[in-house]
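Peer 1: Line by line, the protein sequences are chains A and B.
Quick note, the first sequence lines up with residues 0 to 500 if you use numbering that gives the first Met the number 0.
Quick note, the second sequence lines up with residues 0 to 175 if you use numbering that gives the first Met the number 0.
Everything labelled a hint here was simulated from the structure, so no lab data went into it.
Don't be surprised by glycine CBs; every beta carbon is placed ideally from N, CA and C.
Covered stretches of chain B (in silico footprint by chain A; criterion: 3 or more residues with CB under 8 Å from a CB of chain A, positions within the stretch not fixed):
#1 128–140
#2 144–157
Here are the computed lysine-lysine pairs in the DSS-like style, where the Cα-Cα straight-line distance is at most 27 Å:
#3 B:Lys143 x A:Lys139
#4 A:Lys139 x B:Lys149
#5 A:Lys139 x A:Lys233
#6 A:Lys82 x B:Lys72
In silico negatives: residues of chain B with every beta carbon more than 12 Å from chain A:
#7 Gln55
#8 Ser58
#9 Ser74
#10 Asn106
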Amino acid sequence: MVIVPQLVGVVGLEIHAQIQSKSKLFSGSQVRFMSPPNSLVSHFDASLPGTLPVLNHRCVEAAVLTGLALNCTINKRSLFDRKHYFYADMPAGFQITQQRIPIAVNGTLVYNHFEGHKWNHGMTKSVKIKQIQLEQDSGKSLHDEERSQTLIDLNRAGVGLMELVMEPDMCGGEEAASAVRELQLILQTLGTCQANMSEGQLRVDANVSVHRPGDPLGVRTEVKNINSVRHLAKAIDYEIQRQMKVLRSGGTVINETRAFDSKSSTTIAMRDKEGLQDYRFMPEPNLPPLFVYETEDSVPAGVDSAQAVVVERLISCLPEMPAQKRMRLVETYDIQLEHSFTLVNEEGLVDYFESVVQKTKAKPRKVIGWVLDDLMRNLNLHNLNVSQSPLSPEALAQMIDLIESGRISSPVAKQVFQEMWKAPELPVEQIIEERDWWMISDVEQLRALCQRIVDGHPEAVQLIKGGNKRVMNKLIGEIHKVTKGRTDPVQVVAILEEMIF
Amino acid sequence: MMCNLGLWAMRPAHHRRCVLFLSALRAVLSANRTSWSRYRSKRELSSSAWTSKVPQVPSWEPIAEHQLPPATKISPELVDKLERLALVDFGSKEGVECLEKAITFANQLHAVNTDGVEPMDSVLEDRELYLRDDSVTEGECADKLLQLAKHSLEEYYLAPPGNIPLPKSEERSAVL
Numbered sequence: 000m001v002i003v004p005q006l007v008g009v010v011g012l013e014i015h016a017q018i019q020s021k022s023k024l025f026s027g028s029q030v031r032f033m034s035p036p037n038s039l040v041s042h043f044d045a046s047l048p049g050t051l052p053v054l055n056h057r058c059v060e061a062a063v064l065t066g067l068a069l070n071c072t073i074n075k076r077s078l079f080d081r082k083h084y085f086y087a088d089m090p091a092g093f094q095i096t097q098q099r100i101p102i103a104v105n106g107t108l109v110y111n112h113f114e115g116h117k118w119n120h121g122m123t124k125s126v127k128i129k130q131i132q133l134e135q136d137s138g139k140s141l142h143d144e145e146r147s148q149t150l151i152d153l154n155r156a157g158v159g160l161m162e163l164v165m166e167p168d169m170c171g172g173e174e175a176a177s178a179v180r181e182l183q184l185i186l187q188t189l190g191t192c193q194a195n196m197s198e199g200q201l202r203v204d205a206n207v208s209v210h211r212p213g214d215p216l217g218v219r220t221e222v223k224n225i226n227s228v229r230h231l232a233k234a235i236d237y238e239i240q241r242q243m244k245v246l247r248s249g250g251t252v253i254n255e256t257r258a259f260d261s262k263s264s265t266t267i268a269m270r271d272k273e274g275l276q277d278y279r280f281m282p283e284p285n286l287p288p289l290f291v292y293e294t295e296d297s298v299p300a301g302v303d304s305a306q307a308v309v310v311e312r313l314i315s316c317l318p319e320m321p322a323q324k325r326m327r328l329v330e331t332y333d334i335q336l337e338h339s340f341t342l343v344n345e346e347g348l349v350d351y352f353e354s355v356v357q358k359t360k361a362k363p364r365k366v367i368g369w370v371l372d373d374l375m376r377n378l379n380l381h382n383l384n385v386s387q388s389p390l391s392p393e394a395l396a397q398m399i400d401l402i403e404s405g406r407i408s409s410p411v412a413k414q415v416f417q418e419m420w421k422a423p424e425l426p427v428e429q430i431i432e433e434r435d436w437w438m439i440s441d442v443e444q445l446r447a448l449c450q451r452i453v454d455g456h457p458e459a460v461q462l463i464k465g466g467n468k469r470v471m472n473k474l475i476g477e478i479h480k481v482t483k484g485r486t487d488p489v490q491v492v493a494i495l496e497e498m499i500f
Numbered sequence: 000m001m002c003n004l005g006l007w008a009m010r011p012a013h014h015r016r017c018v019l020f021l022s023a024l025r026a027v028l029s030a031n032r033t034s035w036s037r038y039r040s041k042r043e044l045s046s047s048a049w050t051s052k053v054p055q056v057p058s059w060e061p062i063a064e065h066q067l068p069p070a071t072k073i074s075p076e077l078v079d080k081l082e083r084l085a086l087v088d089f090g091s092k093e094g095v096e097c098l099e100k101a102i103t104f105a106n107q108l109h110a111v112n113t114d115g116v117e118p119m120d121s122v123l124e125d126r127e128l129y130l131r132d133d134s135v136t137e138g139e140c141a142d143k144l145l146q147l148a149k150h151s152l153e154e155y156y157l158a159p160p161g162n163i164p165l166p167k168s169e170e171r172s173a174v175l
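One chain only, chain A, in its complex shape:
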């Protein structure tokens, strides 16, 4: 009997990242989210005759920086082309893009994939990036079905985009989601894109197909309208299942564009686009080739050095990438890898953590719990980000120092944390003083307490004497209750043992 290999999914992503710049790619109008309609539109953006594109220096830098961070080869010479199609939100009738020779090619995106939520089963994976190209964004159209019209806002028309085309190296929704999350972090670290999917700064389209390993790739469909990383995983997984069902029932997959419907978590076929589009690519005659120089020395004599884009200069500007940061955190502070992920994922958290570690005498491993559990839990509860935390790193460091020096116990510290959160203006000592939460360190007092408990629980004492060590916990618990947690369990155990044996 021939064992037929299982059908597997094949996923390739096409990502459009909006470049974080003050002005647009080819004109001097402002780039801003949410503005009065058509207020950020220049004569060029409105495609008025006689206007010409002028390339934005910052956008070229952004594309090169992104290419460098993703291990791409930067093309010293790249060209611009026109991609023709008609749609009301693109008044020129064509989009200026880079189809023949884009600015960066052949890169890799390295990401960590965790199976479900099993943090200790993480694997490092990579996906090949075919190319990164600069292109224009189109305007926004608001469809008014009732009155059979479309309202066009060109504020977004002409904004610079980096299109990242990935090879179909992934096989499922979870992998794609992990890859996109890592890309978001990288872009945010570089400052080239804010990568917020819900605000449209990062748009991801998935090309999905299924096949049996070894066979040629199957017919693919393009899934659009994905507004978050979670939706991306759902959309891809649904589409893979749908295609498998189609094939298993003897049908064929049609090459089409499908939209993801978040309400039903399914993909729906979009209106038929009249077969394959022919974009009639043509070189952009108004833009000469774009040159990017390797080193300061390679900039030719006639070119203004300040004007030129020099790769060497940009390499020295590259900040620490998320992957490097994680490794450094693990090595420097001896924390777990999964902790480093949480630290790096939250903006400002690494700085907060490092600040506390610097100000306290405690080991970083002791600090990490407070930062990742208590701090994050409270921030999430009140929907605040790290910069808005009422508890400063100094205050937290002071509190941790008090635990380390044995002046308050850990359980009490949890309560102190909550009080500090509510009243950040009060010094730590004052909060503890007002509630009389200092650890009982007077040995006589402790002995007296223990004696009382031992006298009050003769049966328990008998059991302990008989060898049942676990009952000791009950006694410790009693003391804990009586003193409202202001005792050091280690000391208490020592005293109790001394008394009993």
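Model the placement of chain B on the given structure of chain A, informed by the hints.
Peer 2: Chain B in isolation, oriented as in the chain A frame:
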């Protein structure tokens, strides 16, 4: 004497008419030798070795049929596709024939030997692409821009819903 500038101002309805106008103009000019002949004699005086770079007789030769690639025939499906992609209306058989003749005319370029020559797609290829500083210098002219639109609503341009589908191919072939 002033040339009758009215001749220049009139745009010929058909390109062949241009020739008639030009010859009329030549007649007008030759009638008035003053400025023209002064110019000519001046040149003759300044440099006797002056030869014009403009050939005195036409120097081009018609390209032989065999040098051209085979004539392209445009199928109705291609007409459909081109009409959809470029939003042009071929209108009639004559329109399609005109296009076929234009293709044949352009095919003369195939006779040029381009061995070892890199294709040029911009006459600016030896110029530095100027990179603009990233600063806001334009915008805030919504009212002016919207004045140009036939239909607008509040501050939005108005457009029909989606792309209007073109007539089906059956209707097409009826016209052709």
